[in-house]
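Colleague: Add chains B, C and D to chain A, keeping to what the hints say.
Listed below, chain by chain, are the residues.
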Amino acid sequence: MDQEYPSEIMLSAKDLSCCRDDRDLFVNLNFDIVGGEVVQIVGSNGSGKTTLLRILCGLMDDYSGDIEWCREPMNQCGELYRAQLIHIGHNAGINPILTAEENLQWLLDIHGQGGADNRQIAEALARVGLSGYEGVETHRLSAGQKRRVSLARLYIEGAPIWILDEPFTAIDKEGVRELENLIFQHANRGGIVILTTHHSLQETASRLKRITLDDLSGFHEASVDDDGV
Amino acid sequence: MGEDNQPLSLSRAFFSTLKRELKIANRQRSQLVNPLFFFIMVVSLFPLAVSPEPSILRTIAPGVIWIAALLSTMMAADALFKHDFEDGTLEQLLLSPQPLFLLVIAKVVSHWLTTGLLLTLLSPLLAAMLFMDTNHLSALVLSLLLGTPVLCFVNAIGAALTVGLRKGGILITLITLPLHIPVLIFGTGCVQASVYSQPYQGQLAILGALLVLAIVLAPFAIGASLRISVSG
Amino acid sequence: MWALVKEYYHKFGSPKHFYELTGKLLPWFAIPAVLCLVVGSVWGLAFAPADYQQGNSFRIMYIHVPAASLAMSVYVMMAVAGAIGLIWKIKMADMVAKSAAPIGAAFTLLALVTGAIWGKPTWGTWWVWDARLTSMLVMLFLYVGIISLQASFDSAKSAAKSSAVLAIVGLVNLPIIKYSVDWWNTLHQSASFTVSDKPAMPPEMYLPLIVMVFGYYFLFATLLMMITRCEILEREVRSRWVARVLLNRPLKKN
Amino acid sequence: MNPVRKKRLIVVFMIAFGAATIVGLMLFALSENLNLFFTPSQIANGEAPLEKRIRIGGLVLEDSVSRVKTGLVVEFVITDNVSHVTVNYEGILPDLFREGQGIVANGRLNQQGVFVADEVLAKHDENYMPPEAMEAMKNAGHPMEEEK
Chain A
1 MDQEYPSEIM
11 LSAKDLSCCR
21 DDRDLFVNLN
31 FDIVGGEVVQ
41 IVGSNGSGKT
51 TLLRILCGLM
61 DDYSGDIEWC
71 REPMNQCGEL
81 YRAQLIHIGH
91 NAGINPILTA
101 EENLQWLLDI
111 HGQGGADNRQ
121 IAEALARVGL
131 SGYEGVETHR
141 LSAGQKRRVS
151 LARLYIEGAP
161 IWILDEPFTA
171 IDKEGVRELE
181 NLIFQHANRG
191 GIVILTTHHS
201 LQETASRLKR
211 ITLDDLSGFH
221 EASVDDDGV
Chain B
1001 MGEDNQPLSL
1011 SRAFFSTLKR
1021 ELKIANRQRS
1031 QLVNPLFFFI
1041 MVVSLFPLAV
1051 SPEPSILRTI
1061 APGVIWIAAL
1071 LSTMMAADAL
1081 FKHDFEDGTL
1091 EQLLLSPQPL
1101 FLLVIAKVVS
1111 HWLTTGLLLT
1121 LLSPLLAAML
1131 FMDTNHLSAL
1141 VLSLLLGTPV
1151 LCFVNAIGAA
1161 LTVGLRKGGI
1171 LITLITLPLH
1181 IPVLIFGTGC
1191 VQASVYSQPY
1201 QGQLAILGAL
1211 LVLAIVLAPF
1221 AIGASLRISV
1231 SG
Chain C
2001 MWALVKEYYH
2011 KFGSPKHFYE
2021 LTGKLLPWFA
2031 IPAVLCLVVG
2041 SVWGLAFAPA
2051 DYQQGNSFRI
2061 MYIHVPAASL
2071 AMSVYVMMAV
2081 AGAIGLIWKI
2091 KMADMVAKSA
2101 APIGAAFTLL
2111 ALVTGAIWGK
2121 PTWGTWWVWD
2131 ARLTSMLVML
2141 FLYVGIISLQ
2151 ASFDSAKSAA
2161 KSSAVLAIVG
2171 LVNLPIIKYS
2181 VDWWNTLHQS
2191 ASFTVSDKPA
2201 MPPEMYLPLI
2211 VMVFGYYFLF
2221 ATLLMMITRC
2231 EILEREVRSR
2241 WVARVLLNRP
2251 LKKN
Chain D
3001 MNPVRKKRLI
3011 VVFMIAFGAA
3021 TIVGLMLFAL
3031 SENLNLFFTP
3041 SQIANGEAPL
3051 EKRIRIGGLV
3061 LEDSVSRVKT
3071 GLVVEFVITD
3081 NVSHVTVNYE
3091 GILPDLFREG
3101 QGIVANGRLN
3111 QQGVFVADEV
3121 LAKHDENYMP
3131 PEAMEAMKNA
3141 GHPMEEEK
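Sequences listed follow chains A, B, C and D, in order. Here the first sequence is numbered in the numbering used here, starting from 1 and rising by one per residue. Here the second sequence is numbered in the numbering used here, starting from 1001 and rising by one per residue. Here the third sequence is numbered in the numbering used here, starting from 2001 and rising by one per residue. Here the fourth sequence is numbered in the numbering used here, starting from 3001 and rising by one per residue.
Hint data in this document are derived by calculation from the structure and do not stem from the laboratory. Only a predicted model underlies this, so the values are computations on that prediction, with no experimental measurement involved.
Listed next, the in silico DSS-like pairs over lysine-lysine satisfying Cα-Cα at most 30 Å (straight line): (1) B:K1019 - D:K3006; (2) B:K1082 - B:K1019; (3) B:K1023 - B:K1082; (4) C:K2089 - D:K3006; (5) B:K1023 - D:K3007; (6) B:K1167 - C:K2089; (7) A:K14 - C:K2006; (8) D:K3007 - B:K1082; (9) C:K2089 - D:K3007; (10) B:K1167 - C:K2091; (11) D:K3052 - C:K2120; (12) C:K2157 - B:K1082; (13) C:K2089 - B:K1082; (14) C:K2006 - C:K2016; (15) C:K2089 - C:K2157; (16) D:K3007 - B:K1019.
Derived list of chain B stretches under chain A, where covered just means 3 residues or more per stretch with a C-beta under 8 Å from a C-beta of chain A: (17) 1020 to 1028; (18) 1098 to 1108.
Don't be surprised by glycine CBs; every beta carbon is placed ideally from N, CA and C.
For reference, chain A alone in the conformation it holds in the complex (with noise of 0.2 Å):
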């Protein structure tokens, strides 16, 4: 869990442009994401945000511009990038009929870094408060549980990477301060976090950058605010 990670991890996008259904979501977008920095992703709703995480996963090619993972283009990256990576959806691919345990024990052996036995998945459920819901099927948890039961994976899985959308749905007030918590650990051990979310997110600001898509009276403008650094 302390490992640092390389410093010279980066994420950067050039010109990075998105139209979608006829509609410009963003416009030249140029930014750089280095290694211990949490990324906020802002807009209104239906500005792009989630179609901006989608395609820094490489789960969307429908843009135009660059985006390279340490200096190389990302979709030459291909495995050895989404070895990095963690995504964590709307949806995070929990399945209702198989419990907590099975869904992470599958995530994290086709995620490929080994796997991971029964000791640390329970650990890392205890730690997200589901201790004795392990053997329990998903479709029983409320909906701030399963939430709870995706952001488990953070706890095991060593990539360097998250992404993260609406991470803070649904989960209460304590799990919301213990992730934010989660999320600086990783940026201070040299990680990256993007994410978005309409919780403001106060610690620790050195760390913070805001990515704001927003779509003004028909102007797309996207504007990267650097705050330190």
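Modeller: Just chains B, C and D now, with coordinates in the frame of chain A:
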């Protein structure tokens, strides 16, 4: 993260996916038996609709059983990626650093184990219902054993192409049926040859060739289709 | 050299350039199409000699054979265009593939219908489950599948990509289907024209056929351009040059 | 080994192995008789099953067609220039049916070795010819049928 456990994690990813799919199927028994009942029902319609005459039923039996098997695997294919698409599993599958074709093969194999294989095991019963001679059973079972996996692979292409659509159902049948024709021809041809007391190894060999072709090529088509469906 | 190729590639991939180019090319295809079709059909249907066995009924060949040959080539072309669109992400290739599908389906249908009309007097039946007929029918099914898949997507990009995958899968399957149906049932005569041998009919019979084949190919090119041009206008409707086209103002080079 | 190269290796191996298997299986399949289509010689050798629906094909033997006066029953002999099979058919023959013509018939072979057809289809060839040219060729001494 060590490089040395890579070979381990390749097979681990494959078998873990297979195990997961089988677990899900096992917990939804009703989904499991539906295609089987459909299979039996379609076959039992023929004596009612065509003729209860044993001699007629015996002649049409190979074709009827094959068509019923084809339709039942198709019925089951609609759900192949649907739930995964809805709960985000598909995204995680695509984000896996493991080769996608491997995971896709695992999914199709489990699909076959839960439909095609069971249909094959059930087919002697239906052959008896249609008064088929018992010495042709081996041709029927072997042809289904080799042919149904091909059907499953082709169905999976259709399912992957239509998974993002609100109204997939009938479209899958429309786009995959033409592709099923060779399997149908050689499958029934195999049983037919046995009925004519001709050697049927040739047909089995062709079915085998089709199966190998499906295993080699279909996973790439399925993978590409899934990427398109998820990004769309 | 490389820069030139790249420039050409960009130019060809641009809908605006394609629209302008085809606007100029269109008459060069439309006029030969009409000429060839008129000359070929009058020559073939009225002046070519009757066959020693089939009499006049063989004349339907002049409509049937080119349609059947086009049905196949259009499919291959569509799959190749789809693959180009899929691999190099060229929007124009997607649009061409989309426009080709209904034309190919129409030619396939024409080949089937004229084949049935020809079959009645010669074979003694409208339809037989013969290898050629069956594989043609399967090809019609493939076209129908591709067209309906194309139609069920909201986003044009996903529609293009998905139908390209299906077209390629179909392309791999076509020889298999062909071979399997061939093995299954064969009655249809083999092709009269092959590259190596001389045609199995005298010139006064095959010349009109060749004219007709050219006419069909020109017709296909014309139709393809026309449909693709409509498709371009529809998809690029937000761009300024389309607005100018629609307002009927001359396009200026810029 | 790095995973990208490993994946490529697996893919190449899969395709090579697959291609080899397919070729092997197809070669085996082609060595078998796949079609339920029989020639007169095969029938004469007793290779065709009796009382099962099969297809036969061959040329109609010259001067072999005889019609039963009442009804539409026709009897003729087809040949592959080696053996002959008698075909019995009740129904309307296609226009192209004539002596010397290639035909395909569906039906059953009865105990007497007579093929009882339920369908007769004329197989027209890929050669087209105006009638006069055909006459000329016949007069010149090489009728087209002889080459078959």
